[in-house]
Amino acid sequence: MTDTFEPKITAFVCNWCTYAGADLTGTSRIKYPSNVRVLRLPCTGRIDFMLLAKAFARGSDGIIISGCHPNDCHYTSGNYHARRRWMVYRNLMDFMGIDTSRITFSWVSAAEGAKWAELVNEVTEGIRAMGPYTEYQELAHAGVE
Amino acid sequence: MSRIGVFTCHCGENINGTVDCGKVAESARGVPGVVHSVDYKYMCSDPGQSLIKEAIREHRLTGVVVAACSPRMHEPTFRNAVAEAGLNPYLCEMANLREHCSWVHEKGEATTAKAADLVRVMVEKVKHDQPLQPIRVPVTKRALVLGGGIAGIQAALDIANAGHKVVLVEKSPSIGGHMSQLSETFPTLDCSQCILTPRMVEAARHPNITLYTYAELEKLEGFIGNFKATIRRKARSLDEKLCTGCGLCTTKCPNKKIKDEFNEGLATRGAIYVPFPQAVPNKPVIDKLNCTYYKTGKCKLCEKVCPTGAIRFDQEDELVTLDVGAIVLATGFKLMKTDQFPEYGYGKYKDVVDGMQFERLASASGPTAGAMKRPSDGKAPETVVFVACSGSRDRSKGVPYCSKVCCMYTAKHAMLYKHKMHHGKAYVFYMDIRSSGKDYDEFVRRAIEEDDVSYIRGRVSRIYEEDGQLIVQGADTLQNGRPVEIKADLVVLATAVQAQDGSEALAQKLHVSYDPYHFFAEAHPKLKPVETNTAGIFLAGACQAPRDIPETVAQASGAAAKVAGLFSRDELTREPVVAVVNRLPAPTFSYCVGCFLCQSACPYQAIEQEQIKARDGSVIRTLAKVNAGLCQGCGTCVATCRTKAIDIQGFSNEQIFAEIMTL
Amino acid sequence: MDLIEKAEQLLQSGDVKAVLGFEAGTGGTRRPAFARRPGQARRLVFDDACVQNLASYVTRKETRRLGKVAVAARPGALRALLQLMAERQIQEQDVLPLAVDAAGQVAELPTAQAIEEHLALEPGPVSARDRELLDRLGKLSRAERWAFWQGELGRCVKCYACRNSCPMCYCEHCTMDCNRPQWVPVPSHALGNLEYHMVRAMHLAGRCVQCGDCGRACPVGIPIHLLTFNAEETVHAQFGQRAGASAKLDYALSTFRPDDKETFIR
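These protein sequence lines map, in sequence, to chains F, Y and U. Numbering-wise (my numbering), the first sequence opens with residue 3 and increments by one. Numbering-wise (my numbering), the second sequence opens with residue 210 and increments by one. Numbering-wise (my numbering), the third sequence opens with residue 205 and increments by one.
Hints were generated in silico from the structure; no laboratory data involved. Be aware that a few hints might be false.
To be verified - Below, computed lysine-lysine pairings styled on DSS-like, alpha-carbon distance capped at 30 Å:
no. : chain 1 : residue 1 : chain 2 : residue 2
1   : Y       : K428      : U       : K465
2   : F       : K117      : Y       : K718
3   : F       : K117      : Y       : K822
What the hints assert, rightly or not - To be clear about the criterion: a stretch of chain F counts as covered by chain U if any three or more of its residues have a C-beta under 8 Å from a C-beta of chain U, and this derived list gives those stretches:
no. : region
4   : 6 to 14
5   : 19 to 32
6   : 36 to 48
7   : 106 to 120
8   : 135 to 144
Stated by the list, open to error - Facing chain Y, from chain U, some residues (calculated, C-beta under 7 Å):
no. : residue
9   : E291
10  : Q295
11  : Q309
12  : C373
13  : C375
14  : H377
15  : T379
16  : C382
17  : R384
18  : P385
19  : K452
20  : T459
Cβ atoms here follow ideal geometry from the backbone N, Cα and C, with glycine treated the same way.
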């Protein structure tokens, strides 16, 4: 009858910390839901805010953004710039009425395999409870058939 | 025209057990641009790689996606294979179907669908990949070794003997590290200083080694082959050229009450001191924090008695900047102190000591000249209890790991004690005996069978003082948990091995990863134990994880071999994943508007100005330009640029856009 | 000296090649005007109806070709000029800002420092009305704000008047012109409208001098200046930096402090 809603989660992660951390989750065989698709970037500093907007437009119900802890960035300061960008963008999105609770920002280091799994678990279940982000996705289809 | 080949690996059952690799290969066939898609059991094997190479030739492939394990694992493997077949290696990408898919999800349609998605993402990425040529940078053939213990000394000697220059930096006034504090080493019971000091002298005298003691790393800039290190040489308050090492000043210093670090607080020293008699260099240093002159302006006795006038109270720290090509981290470990144990007295009982303190008591050069005398009253201890696993393997103490060396040194301590006091009673409370090295188990057996050390399998719950003795309460789990109480004269806690103080700060200076316990992280736990994730920085010894001397020496030599390998060429090839500012024909020249907001965002100062000039020399435009030698490819500038004039090859805007669009 | 006299003087002496000010338009409006010869200076007016930010003209090719220009500048335009200097789009010697006081008297501000000193005496950029609007929107629920902006942005016809009026939107090749990849759909489109204004606000974060011209320029009356104001307010509140405060670049999104406070990162 009613299929469980399977949310679509896109994750933007940095290569040196979170991607490696997610690798460690794999090596440790810790299980988490398969809804997430990880996109590898060299650094969180590379994450243009437009990528998030595109992910939502393309049908993501939830987004995860994760990188190295402050002070530990492989490139010294990429995550600091990313952090500032996110602070401004998040406020702007909220001001425009976009549901920022669907975006989770986190710092996951290369040694935090368990944290990554926990994060994906929580986010997947959280987004599942929120339901699909139809409000935003409808915009993409407006006037186009 | 894209002609992409997709190669899906089963990785035995690692991927195929959970993901239907056949279906993944099938779905890849349907992606526009893919002309060839197969699956195979082990892509990284020789036949697997041949499959890829043949396909490149036969199908004239313009790009390759290997859907297998993590790119952090095998990207270089497949890029090499692809290059051998004549395709630019940067046109090869990997989809992570193992660490990010088969190993973390349950078998089923959803997992296979995810695998197919991940492959599609990489196909889109490859379609936008550009063939890139590696960037060549020169290599400075000088190594920097941080830490002058046995690890640092071994690494420095090996690199120096390979014909390269080494700068060895040690924080304390002498090299030698913890090994110089040990009395005898297991499993041979060699005198520690006897086997160490020749190496120390060799390191000091080697023509290729420059020794900076009482010095620390202040700052590090640059990248592999081209680091710029700033070393702070702390002021010894001494003119080393004039000092002959006669030691007269150390005997005359009136301030003799300072706790001696080398003897782990069991003895005292003066404010002007040489850490130990065999110190290298054998020159004193003034402890500014405790020296009467530095604190109150009075005294200067050492200056008065020095026969060569070598004392310099006005000496300042010196900053030295060096160009180095590689760095070896050998900063060692620290031992947990007894004050971390409320159940054992908070460190208040003088006769409850840690392993290193016992070494000093047992050492011929120690505060008791090697005689067994307990710290509180100097009496010979008739009964000694050794508590293994103090703090280690204990989550409540924040140390869930095993410190590796304590089982062996506890057996050694018990044996040393028994050799010095034949009629004394030695007890060891243990959880397990971990003696897995060569001749190690035989060594422990010797302690039990020949030297009559009593091993009790159980933990010690409480130690308290009563009538000048220590009451040790434990249990014997091999006798059904029978409570055991021993009245001991001396208790030695085999406390946990921990990361050196300041490890976190040092790791951040070097951009090296570290684990939750602040041990430095290796690049791969199995296959890259001496490298870090930061190219050009290598690891040796206990700063990476607790380890004993043979392993430390082996690892140090391994790190040295890596450094020598790095220095074996005059040029280094660097990954060409760098940022590039776009260029167009006149009159546009570029989308770049010359605002240089990117310049302030770049962590490496890699963005420079480029002036576009007219024929008459007047400047038409000033544009940003990336110095490819400095750029590390983080992409912060790309995300900062409004006009998208600057892009990064390998993670370009088009590529990531295509990746998102295909999901 | 009033504006007309000053303009005549400057043009006569040849110190500047044009004076950029306002002239009377139709129906009581005012529009920007370039006075190139002393005789043309008589057209210039400066009153409360002169609100456009003239700094948006100084980066145009046509203006640059003229040479040095004087600009009748309100505080918003002065801030924009400083920000443009910080972003290396103009140099101090390319423009001569003219500040006009309530009595119509003109002060020359020939250096960046003079501009900074003059601005220090001005009140903050956000008008009381805009402040009230921002507060009111801030108090609504997220869903209400979504409904509000969807309603407003639904009217956007992608005329790009906002972009044209903004002094900080000087990029000849705007991100909207990029088609590899095509980040934002070009026509008036529900998603494209949202994304365009989001992009614009983010590209102005830390650079917006809060002159409000974009909101005034919008032919369908969308208060889009509130979006850029919001981004700028976040920058100021979180990082203490303000656009147009100095001719020395201090861009919030390419600098950082290790102790920037974040409350939402796990």
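Now the hints, each set against the structure:
no.	hint	verdict
1	Y/K428 x U/K465	holds (26 Å)
2	F/K117 x Y/K718	holds (25 Å)
3	F/K117 x Y/K822	violated (54 Å)
4	6 to 14	violated (count 0)
5	19 to 32	violated (count 0)
6	36 to 48	violated (count 0)
7	106 to 120	holds (count 4)
8	135 to 144	holds (count 5)
9	E291	holds (4 Å)
10	Q295	violated (11 Å)
11	Q309	violated (35 Å)
12	C373	violated (9 Å)
13	C375	holds (5 Å)
14	H377	holds (4 Å)
15	T379	holds (6 Å)
16	C382	holds (5 Å)
17	R384	holds (6 Å)
18	P385	holds (4 Å)
19	K452	violated (11 Å)
20	T459	holds (6 Å)
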